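*Asks:* These are the residues of each chain, in order.
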Amino acid sequence: MAIDFSQETKSGSSGAAAHKSSIFQPSIITGMVGGGLGFLFGHWAGNAIGGGYQQVVGSGQNDIAIVLGYLFAVVGWFAGLGALNYPLKKMLGFEPENVEHISEPGWGKYFRYTTDHKVVGVQYLFGMLVYFFTAGLLALAIRTELLSPTHHIWGPDTYLEIVGEHGTMMMMMMTSVVLGPFGNYVIPLMIGSKKVAFPRLEAASFWFTPISYFILLSALWQGGFQSGWTSYAPLSVQQGVGQDGYIFGFGLQGLSMICAGTNIVVTIINYRAPGMTWGRLNVMGWSMVSLGFTMILSVPVLIDGLYVLTLDRTAQTSLLYGAHGGSSFLWENLFWFFGHPEVYLLAIPGFGMVAEIVPVFARKPVFGYKTAAAGMIGLAILSFFVWQHHLFQSGMNPDMRPLFMLTTELISIPTGFIYLVGMGTLWRARIRLTVPMLFMLGVYFNFLFGGVTGVYVSDVPINVTVHGSFFVMAHFHYTIMGGVIFAFFGAIYYYTPLVTGYQLSEKLGKIHFWSMIIAFNSTFLPLFAVGLLGQPRRVFEYAARLQTLNDWVSISSYVLGLSLTFFVVTWMWQIVVTRKKSVRDPWSSRSLEWHVDSYPPPPYNFETIPVVVAGPYEYADPDALPMADIVVANAGRDVARESVR
Amino acid sequence: MKGVRLSKGARAGALLFGFAALIGLLIFAVAGYLRTSPPTVSVGASSSGSVNLVMQTDGAVGVGPHPSWVGYFVQDASGAWHQTTLIQLPQNTDVHVTLYEYDSGGNLRNSAWSKIEGTAGGVAYINGTAESVVNPNTNTGNGIAHTFNVPALGINVPMYGVSGSAKNFCSTGPCNTSQAHNTITFSFHTGGAGIFRWQCFVPCGLGYLEGNGGPMQNLGYMAGFLKVV
Amino acid sequence: MAKFVLEDSRSEEAGRSALVKILSVWIVVSIIGMALVWFVLGPHLAPGTMTDQAQGAQFDIKFVSTLVVPVLLFVWFFFGYSIMKWRVRPGEDGTLPAANISGNSKAQGAWYIITTTLVLGLAAFGTYFLIAPAGAGGGEGASPIWTPGTTKLLQVQVIAQQWRFTYRWPQFGGMETTGIELPVNTEIQFNVTSLDVIHDFWAYQLGVKADANPDYNNVAFTKTLATGNFTVRCDELCGIWHGAMFNYGKVVSQQQFEQWATNMEQQNAPVTKLLPKYSLTYTPSYSGAGGGYYNTNVDPNANL
Amino acid sequence: MSEITESRPVVDEEQHYHEAALGSLWWGSRIGIALGLTAFGGIIFAYFYLRSLNSHGLWDPHGITASTLMGALILSLVLLSAILNQFGNMRLRKGSTLDWQVANVAALLGGLFAAGFQIWEMTRLNFQPGSSGYAGVYTAFGPVYALIIILSMYWLETLIARSFRSAKLFVDEGGVGFSNLPQAENFRANLEGFSYYWVFMGIASVVFFILFYVL
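Protein chains in written order, with my numbering: chain A, 47 to 691; chain B, -8 to 220; chain C, -18 to 285; chain D, 140 to 354.
Hints are computed from structural coordinates only; laboratory data are not their basis.
Treat the hints with care, as some may be off.
Unchecked claim - If you want the footprint, here are the derived chain C segments under chain B, 3+ residues with CB under 8 angstroms:
#, segment
1, 176 to 186
2, 241 to 252
Unchecked claim - Simulated pairs of lysine-lysine, PhoX-like, Cα-Cα distance not exceeding 20 angstroms:
#, chain 1, residue 1, chain 2, residue 2
3, A, Lys627, B, Lys(-1)
4, A, Lys553, A, Lys626
5, C, Lys2, C, Lys87
6, A, Lys553, A, Lys627
7, B, Lys(-1), A, Lys626
8, D, Lys307, A, Lys136
9, A, Lys556, A, Lys626
10, A, Lys416, C, Lys87
11, D, Lys233, D, Lys307
12, A, Lys135, D, Lys307
13, C, Lys2, C, Lys66
From a predicted model like this one, the values you see are computed outputs, not experimental measurements.
All residues carry an ideal CB built from backbone N, CA and C; glycine is no exception.
Whole structure, please, built from the sequences with the hints as guidance.
*Replies:* Written out as structure tokens, the structure reads:
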């Protein structure tokens, strides 16, 4: 790739320079070309290196070629996107650039590597929806197979590939489901900043996800991986080249998490507006800090684990193979040392979103602000000390089980904080049952089942029965889908006016909410029973006596799918076709992000840096000052702005 | 694209087209990939009330996306060989199985699978000789190549391997009887209708850890179903 | 701006009376609910009563389920009542302030103390019922630290392999069977191991679950109390046939078991000769088609 | 609303974001250490885990290690690089930009040679990667170590290149070590972050030397 500095120099001059449109300008297209060329080069190199290896000749599959292909595809992808220009320019000793956001008109900017946090937020929003719906369709494929205990829709190998793809895509992509779209978009606005600390890391964090998604999904076409999202060794060492797709998909998403987490943490620490003290920071900000630090400290261990697995699969080390001095327990430890914080990476931003939105619709301060923050930090810290509860039946370290049972049950305390905060905030409140509020209350309803069943799975004697069964599966779907995914959809309804300038229909939103929560509970509640009655996870055949329950669940899951389809269609229809303009501050929120000049916010966010003089949640104090001294430019006029689009 | 202000109708049309394209992509993915499977070879009932099932196991199937993998070929009623492991059998019928084994052999991972089980008389005829337990240490060192194991029907038939250095060793399938092989025959009785999985217990997935990857974990090679209807 | 006055329905008194209502209804309904779970649902809970470990698991699940009832009800009532009473009716201005409460040290303190007590109590409960019944039927690794009080144990080795379980009986000549029968009223030690990848031996009705790891022996104990059938399933993803890796076993009278075992021992004698010496783990041989690591004939033990 | 606007404190926007950038450099470098610590932590965990399990007695049955001579060479180069970097910083504080540049070019070369030797050593190991637990962990460690050194040297290189290219900005103020220009403050904050990080890597190198070559 030729090094093109033109874009950087343009961005330095306050974005006034005319925008040149050319197919050779770095964009997703040049990125794909670069990625393709990189893959071809890597694949060729891998065949040159490993073509004669005994395991390659025997199996007819060359993992080395695939791994190197992916590696160079990533390099080519970023080179094609133009992401390497700035790092190379720094090697030549140029001073760092103060990034000014370019307000490039049109759609083009959404397909480029860009340093505008709002563009990255929108990219993430659509990315996340694509990833979520892809993985969701795979879930429906799983449920279709389970309609019958004996008759098969998919082959058992295809079935496990679908299971693995669904699990991996959901678990890895959804870690950014709130941080990506809303953390990146809203947090700088919330803290009154015009910019973020590391805009290029932020952009990179997004651009890791499409290639990660593509590589992971392409594994299906290469025989997939039949080892699930946990990919326990040595089964994962035994798999074909599809497993390399898992390794790279997950690994790249890990890098994305590191970039996004670093940026959000450093931004919140350093870029808060004057007067935005830690005591005034939105609860959402606290959740993002907890989330970011958890990502930074847990993800490198995952990458270690994936790396070790790659070496075992290609260089024939034996780190995960007992008979040559390794141990399959090593993977289980490395994986779950990341894997447990991982599930809180999913839960914490959901809680942050909930605690952020509920006060707006309760017209009350957050009940126990410090408790809310402590709850999220507590979850983040405890998450590092519980990983062996996934391994209670593995046979390793039985003497540690009481300890891990204790730390796991301690998790209930900070989770309880979140409930205390919710109940306190609703007490003597003025509750507006808008669509976003309904979703947040839905989170409380759903997560409660997830929470109390967490006590079952953490209790070692009960774990003997429920470990690895559908009970566990129902438990974590209640916490993750019932928690963060409901919060995600609520946040979409909440922030669509800000992000697009268009108001959504309450009626359609309510149809979506009620159909979704009923179908969701109807899908996952019976699965607790299915698990207790003895159905293990990831099976394509099950006991005939469980067919009624399984059919009920499958049909409910179709309804859930229809409900989500209803969301996509109506949401897209409203923001693309009908486009009803939003009013200013539609939810009457005090928080800074709503007090910008226009919706969507202008490229510079705020004309001048706001000086914060009050907290974001002083809804119940009739004498409270506005949160900051923002004077909006067009206060009397239409807030919805179309020019950016 | 940019700067162009579309009318409401055009936006609606574009969106609908997008949804339609997505649905098309989905159908393509499901039908074109996820639902594909090896063919099912049907063994119809013969007049005598029993059926003949003729199969061969090859060291390398030589066709398809993984020509170097071990796998089965099954003969249909017209005598044509199909590379598959999906076999349809009539219920409550005696099935006479003839297996041509062209692969070289090795040790059983678990010697318990030396025992022939679930067949008529608990025996299989290996090149004409009835045996109830195969001994991997005999057979002039050629070991066991594969086992035909149907857990739900209790069937386990191990097959002796042929010498890998035989002059007329069959290196790619489908092989023919002029090449080095062992012939294993046995009979079993199908019970009621059902779908029964079968597999091999010799770790024969060359190039995969513990020999249990690749062909061992993909339908059409060393993993399949008996569909008794 | 005119001074804002909070309406009576959101006053402190209204809150206090609401709390009294919620708590009194909650106590009554909780007691009924707990009784229903304990006495009506309890005896039907998984995994039954075929062994001491299954009984223990059933008791634990029953106990926790009973405890969960008041927690669920408390949150439901609290949320439900708040939403019903304090929601904005049509025509009301929903953006007016509500009660200005940013915290309540008594409520928060009580919450902290109650949740902490509950959680520590549950951890103590779980620890006791893990240690007292010899590991509660879970896999305890190679050298179990919680063992049953007797040394008269029937040894059953569970050998998991892709994709079937086989069982080896060191007290019956080291024979290996594909089926499993157990005598009633007997303390049993399962030695679970694998020949390839990680599997999991889940004997549902026996209340036993232990991962089958390659090169590792995982021990679990149970004592049979009643005759009947049980299901064995693989509970750790192990590849294509994971979902089909199950078989059925029987708990029978001691006499029937003796008969079955002796019979099997005779039947299997020619195969038993071919088996490797009984051992707690088995390492794959380095010769043969798929032997060893990636089929390379490199044996690290022999290599230097 | 107007009354607060009037009493609005004056926010020097440029200064505000300049300070935020300095803070970001501080935090960025510390997060770099946290990432290094956890990434290395996984490898150290693997080392001690496999060593204590010693499956089949195959942790390191024959006591073979990678070449201690090479290990010592790599370690000395990394430590030399860190010391040169610190020495340069000391000279910079005294006002000598040139000394800093010379010392850090040497530090850069030291680091690059260390990474080069590490890669070279990986091609000449006296054991098969799969022959023992030790062999596996070492095979995993080597490339990561080399990669992390190279990335660190990329960071140092950007600083050196910057000190040359921007030198004329600071000539009147006694060089980048003394200048009060925001660019100089930014440079020093960046350098401080790097040096702190590089000392951490030096300590990590000592730990790994002990693990892989001494124990």
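*Asks:* Would you list, in rising numerical order, the hints stated earlier that this structure does not obey?
*Replies:* none
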